[in-house]
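Chain residues, written in single-letter form:
Number of protein chains: 2
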Amino acid sequence: MSIPPRSESTSARTRPTNNATEITVDLGQRSYPICIESSATGRPDESGFAGRLRAALGDCTHAIVIQDAAIATSAGQQILDSLAGEDIRISEIEVASGETSKSTDRLAELWSELLDCGADRRSVVIAVGGGVIGDLAGFAAATFTRGLRFVQVPTTLLAMVDSSVGGKTGINLPGGKNMVGAFWQPHLVWIDTDFLATLPRREYLSGLAEVIKYGVIEDAPFFDYLETNIAAILEREPQTTRHAISRSCQSKARVVADDERETTGRRAILNYGHTFAHAIEATAGYGVMLHGEAVAIGMQMAASLGVDLGLCSDELLRRQTALIQAAGLPRSWAEADPAKMVPVMAHDKKVAHGKLRFVLPQEIGSVGLIADVPQEKVVAAIRSWSDR
Amino acid sequence: MSIPPRSESTSARTRPTNNATEITVDLGQRSYPICIESSATGRPDESGFAGRLRAALGDCTHAIVIQDAAIATSAGQQILDSLAGEDIRISEIEVASGETSKSTDRLAELWSELLDCGADRRSVVIAVGGGVIGDLAGFAAATFTRGLRFVQVPTTLLAMVDSSVGGKTGINLPGGKNMVGAFWQPHLVWIDTDFLATLPRREYLSGLAEVIKYGVIEDAPFFDYLETNIAAILEREPQTTRHAISRSCQSKARVVADDERETTGRRAILNYGHTFAHAIEATAGYGVMLHGEAVAIGMQMAASLGVDLGLCSDELLRRQTALIQAAGLPRSWAEADPAKMVPVMAHDKKVAHGKLRFVLPQEIGSVGLIADVPQEKVVAAIRSWSDR
Ligand SMILES: NC(=O)c1ccc[n+]([C@@H]2O[C@H](COP(=O)([O-])OP(=O)(O)OC[C@H]3O[C@@H](n4cnc5c(N)ncnc54)[C@H](O)[C@@H]3O)[C@@H](O)[C@H]2O)c1
Ligand SMILES: NC(=O)c1ccc[n+]([C@@H]2O[C@H](COP(=O)([O-])OP(=O)(O)OC[C@H]3O[C@@H](n4cnc5c(N)ncnc54)[C@H](O)[C@@H]3O)[C@@H](O)[C@H]2O)c1
Ligand SMILES: [Zn+2]
Ligand SMILES: [Zn+2]
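Taken in order, these protein sequences are the chains called A and B. Each residue of the first sequence is one higher than the last, beginning at 3 in my numbering. Each residue of the second sequence is one higher than the last, beginning at 3 in my numbering.
Think of the hints as simulated: they come from the structure by calculation, not from any bench. All values reported here derive from a predicted model rather than from experimental measurement. Zero decoy hints are in this set.
For chains that are exact copies, the list does not tell them apart, and a pair is met inside one copy or across any two.
The calculated SDA-like cross-link candidates involving lysine to any residue, where the alpha carbons are at most 25 Å apart (straight line), are:
| id | residue 1 | residue 2 |
| --- | --- | --- |
| 1 | LYS379 | ASP339 |
| 2 | LYS342 | ASP118 |
| 3 | LYS342 | ALA382 |
| 4 | LYS179 | ARG124 |
| 5 | LYS179 | ARG108 |
| 6 | LYS342 | GLY120 |
| 7 | LYS179 | ARG123 |
| 8 | LYS179 | HIS349 |
| 9 | LYS342 | CYS119 |
| 10 | LYS342 | LEU175 |
| 11 | LYS342 | TYR288 |
Please model the complete structure; the sequences and the hints are all you need to start from.
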């Protein structure tokens with residue numbers, strides 16, 4: 003059981019400029035740019051949002067802005083203002099904040115709203131919000147008239163570094179998260195760090211867990227950078243934050259370019275910490291733990307498991323623990339209960355034929371896929387970061 | 003304004019055998035076979051449905067048969083029986099007959115049923131029924147866990163010659179037909195003419211209209227064949243019916259291979275007669291006219307328009323009229339009202355910038371896309387096949 007190595011031919015190209023970075027996600031005909039900027043949305047020239055949109059779309063007569071209610075007066079308004087001078091008809095659709103909007107009911111309503119506002123193949127859907135809005139609006143775009151063009155404007159750190167990159171869109175079913183969806187690549191991802199100003203600290207930290215993940219799974223120099231610059235990142239200092247977002251997007255873009263539709267196995271490395279995290283989220287109960295918080299604890303359990311199996315050093319675990327703590331993230335969960343978590347893990351999608359399979363660290367910047375992990379070792383790993 | 007000609011490189015390959023035909027739809031990695039057989043579903047060897055399924059899928063642990071309630075004891079039972087000896091877990095889902103099943107509500111329910119029966123990436127969805135089942139089940143397959151494998155078992159003539167080929171799947175919204183969907187190619191299309199035994203005559207004739215359409219738009223020798231063999235086709239004589247289905251599938255497969263995602267314009271030729279037909283269906287009111295009946299009348303109006311514009315001969319119109327009449331299809335609609343139909347046509351998707359655009363015949367086997375048709379000519383074409 004092994005993870006295919008990073009391929010040589012695919013890469014995420016980067017073009018750093020003055021206070022901006024542009025990353026190209028290499029997917030042949032479906033390649034697209036990720037722009038990472040600060041205070042740039044309203045710029046009237048080609049470097050502003052409207053200019054980038056024109057460049058990415060060519061002809062476009064109609065933009066449908068689908069936005070999270072929580073950012074309608076901040077990021078959403080900035081996007082709408084930036085389009086005011088354009089010769090484009092604008093429609094606005096608001097979606098209530100929170101995971102419950104990723105439902106079949108809200109999707110059906112959204113489809114009707116798209117019909118009512120006259121969306122057709124020359125329209126573009128612009129999703130402004132966190133992962134919930136990106137996933138829902140992206141799926142609606144993928145399916146309305148069998149495909150509208152789509153632009154992501156992520157406004158949470160998690161959406162900037164994770165959900166807006168990679169082309170996965172979808173909704174939840176009552177019995178399962180992200181059970182329905184489509185692979186649908188955007189034409190443009192527009193990230194302005196100004197949008198983070200209003201994001202609650204806990205949500206911001208949650209996104210940071212995924213940022214740290216990229217350092218562990220495939221970018222050792224970036225892990226070093228995070229150790230040195232964590233204070234500036236916590237202060238949301240623009241340049242450092244842009245760099246952290248940009249390196250994260252590059253990591254994700256590289257993995258996605260190697261394995262766009264989850265067929266080669268390479269994409270599995272993104273699940274580092276996640277088999278534990280999903281079990282933590284599921285047993286903690288809805289809304290108790292933010293996803294990134296669970297990922298932080300999950301990475302701790304995975305690293306302990308790696309140490310126990312002799313795959314990685316104590317030093318790796320020590321550095322990861324220190325960075326997670328410095329980032330203000332939890333490194334343990336007092337109530338983590340192996341008796342509840344292990345059965346959940348056995349049902350996880352990443353489990354093949356009922357055998358527990360984990361993405362585990364080898365050294366900072368490198369992970370492996372380990373099958374057939376003895377259950378007692380899993381239990382021990384959970385226990386090392388709980389009170390039980 | 004022109005239609006791209008048939009490309010030389012793409013084609014639908016045919017391998018006729020004793021009493022079966024296999025057509026390959028050439029879509030690179032997504033190529034798949036269409037098997038056109040008679041009395042073959044239950045065969046225990048590799049030429050039966052189960053054998054073909056094994057060959058098309060390789061590994062498969064779970065099949066979900068989604069079937070029209072109307073054929074559950076006939077075609078649906080034959081498919082289930084054919085799978086009984088296989089080492090595959092079988093789930094059954096029944097869908098009520100009729101267009102109303104292509105709804106967001108039924109789709110959401112279907113997604114839940116897929117979840118409940120434990121569908122995962124190693125499952126296959128087998129749609130058994132007419133175009134309604136194929137479109138609904140195909141869209142559910144395209145989107146459940148972002149894509150399950152999919153097999154079409156069409157049981158109406160229309161589904162055999164049209165909806166099961168081409169990869170379009172989808173549902174209706176209250177305000178618009180086929181507004182939501184995905185391009186999702188099947189791994190196999192299995193056609194057994196035995197399934198037609200139970201199909202009401204009116205439904206059968208409705209499918210014949212599309213068969214005649216292929217002759218007019220791109221296969222003149224096939225039009226000749228239909229003129230000669232229409233009696234045997236009306237009797238559903240297996241060999242003749244297989245040939246008619248096979249030539250129709252080849253036509254559609256050729257067009258689809260040239261223009262998989264409706265981007266080059268080639269796929270537009272399939273809309274011959276359809277701009278009029280949609281207006282007829284819309285003004286007749288729901289359920290009054292079957293789709294193929296409207297298409298037959300629509301082709302008459304289109305051919306009259308072609309004659310009036312000097313694009314084709316009287317002789318073409320005469321031959322088309324004779325074949326439609328011999329096929330037992332309507333060639334006129336007494337109540338066709340230009341005052342009602344033209345506004346509907348102006349909103350049709352095939353209308354660019356409000357100007358009326360039509361696929362019109364040049365000679366048997368060849369059509370062109372004609373823009374800017376004067377409205378009075380359209381009115382006259384409608385009048386020539388109505389009492390007004
Ligand atoms: N598609 C993918 O590849 C992928 C990857 C990871 C996660 N996801 C999905 O993403 C979702 C989680 O994303 P998320 O963490 O962004 O959640 P979210 O979209 O729910 O946003 C979190 C909260 O922050 C609020 N918010 C958003 N932007 C804000 C801003 N700028 N200022 C103030 N408040 C703001 C939202 O209203 C919400 O309450 C989940 O549904 C998850 O399944 C998808
Ligand atoms: N995807 C595409 O490319 C495409 C192309 C054309 C049409 N369509 C869609 O196809 C649908 C129309 O297809 P259809 O005409 O097959 O309609 P349908 O599926 O509603 O079938 C017509 C009727 O025949 C019944 N039936 C089906 N098979 C039978 C059998 N063997 N014996 C007895 N009764 C049987 C059904 O219960 C139904 O009442 C429409 O929704 C249309 O939008 C899709
Ligand atoms: Zn995550
Ligand atoms: Zn049709």
